[in-house]
Amino acid sequence: MASNTLAALGKYGRFIKFSHTLFALPFAGIAFVLAILQEPSLSLLAMGQKLFWILVCMVGARSAAMGFNRWADRKIDAKNPRTANREIPSGQISDFMAVVFILGASFVFFIGSWFLNPLSFYLSFPTLFLLLTYSYTKRFTFLCHFYLGLTIGLAPLATWIAIREEFSWIAGFWTLGLAFNLAGFDILYALQDREFDKKEGLHSVPVRFGEKGSFIISRISHILSVSFLAVAAWYAGFQGAFWAFLVFVAYLLFREQKIASENKDGNFPPSFYQIHSWISLVIFLGILAETGPGLVSLFSRF
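So for the sequence shown, my numbering puts the first residue at 2; every next one is plus one.
Simulated from the structure, these hints should not be mistaken for laboratory data.
This structure is a prediction, so every number in the text was calculated from the model and none was measured.
Heads up, a few of these hints could be off.
Listed next, the in silico DSS-like pairs over lysine-lysine satisfying Cα-Cα at most 27 Å (straight line) [said to hold, decoys possible]:
#1 Lys18 with Lys76
#2 Lys213 with Lys259
#3 Lys200 with Lys76
#4 Lys80 with Lys18
#5 Lys200 with Lys80
#6 Lys213 with Lys265
#7 Lys199 with Lys259
#8 Lys80 with Lys265
#9 Lys265 with Lys199
#10 Lys265 with Lys18
#11 Lys18 with Lys259
#12 Lys199 with Lys80
#13 Lys76 with Lys199
#14 Lys213 with Lys199
#15 Lys200 with Lys265
#16 Lys200 with Lys213
#17 Lys199 with Lys18
Based on the provided sequences and hints, a complete structural model is requested.
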């Protein structure tokens with residue numbers, strides 16, 4: 002029984018790439034740290050409760066979005082040799098169970114939003130709509146990469162609203178920086194499916210602009226990413242350690258681009274994906290280094 006349960010958990014974990022959810026957690030951590038410093042009246046218990054429900058929302062929203070993407074693309078994935086072994090095309094998970102999983106994850110997201118605050122709950126519906134509709138954007142526009150970047154990059158802004166119950170450009174600029182980072186990566190990632198996408202009538206930057214154009218647009222996206230992250234840091238009043246971390250982020254993006262340019266067929270080595278997964282963590286660590294004294298002062302009063 003236990004082995005069957007673990008096997009099922011592993012199967013659904015692979016279905017939604019749960020490990021990628023862990024890599025996305027620093028996106029929320031960015032705004033969480035900055036927001037609690039703006040809310041010194043929060044008790045330690047209230048902070049813990051906020052953090053718990055934010056994590057619930059992140060897991061629920063990303064699981065629903067990834068599950069829906071797999072379900073929406075099941076017929077396309079079955080035709081693509083690279084994706085034919087995914088859980089739905091290969092028959093490991095049925096269409097019905099995939100839909101049940103998506104509905105369950107969506108419900109978890111709505112419940113988590115309800116326990117945060119009214120604004121978070123009201124905004125959870127359009128947010129989930131954005132997350133789910135990404136799956137269809139590649140059917141009609143090459144801008145799908147930027148749509149994906151924006152939907153995932155919303156994590157800092159959503160976290161800020163969860164704590165402060167307001168919009169702020171402090172979180173908005175972090176969202177834009179992360180959005181362009183993700184879009185630049187996704188354009189490179191799409192190179193491996195360029196010929197298949199063209200054959201199936203799907204849209205992407207590689208299909209529309211070719212290999213050379215894809216590298217140019219991806220590099221511009223990463224330059225914009227670093228620029229918006231710099232604006233976000235300036236707007237937040239950062240004057241110390243974070244800037245060294247931002248320079249390191251720029252270096253990581255340079256390395257990502259270099260590895261991609263050396264593997265133009267899209268058959269990227271593991272280091273390409275590892276570098277991408279480190280970026281959000283480096284940004285988060287930079288924020289911790291910058292705000293360390295403020296956090297120590299905040300928690301010392303408990």
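How the hints compare with the structure:
no.: 1; hint: Lys18 with Lys76; result: holds (19 Å)
no.: 2; hint: Lys213 with Lys259; result: holds (14 Å)
no.: 3; hint: Lys200 with Lys76; result: holds (14 Å)
no.: 4; hint: Lys80 with Lys18; result: holds (21 Å)
no.: 5; hint: Lys200 with Lys80; result: holds (11 Å)
no.: 6; hint: Lys213 with Lys265; result: holds (10 Å)
no.: 7; hint: Lys199 with Lys259; result: holds (25 Å)
no.: 8; hint: Lys80 with Lys265; result: holds (23 Å)
no.: 9; hint: Lys265 with Lys199; result: holds (17 Å)
no.: 10; hint: Lys265 with Lys18; result: holds (25 Å)
no.: 11; hint: Lys18 with Lys259; result: holds (26 Å)
no.: 12; hint: Lys199 with Lys80; result: holds (13 Å)
no.: 13; hint: Lys76 with Lys199; result: holds (16 Å)
no.: 14; hint: Lys213 with Lys199; result: holds (16 Å)
no.: 15; hint: Lys200 with Lys265; result: holds (19 Å)
no.: 16; hint: Lys200 with Lys213; result: holds (19 Å)
no.: 17; hint: Lys199 with Lys18; result: holds (26 Å)
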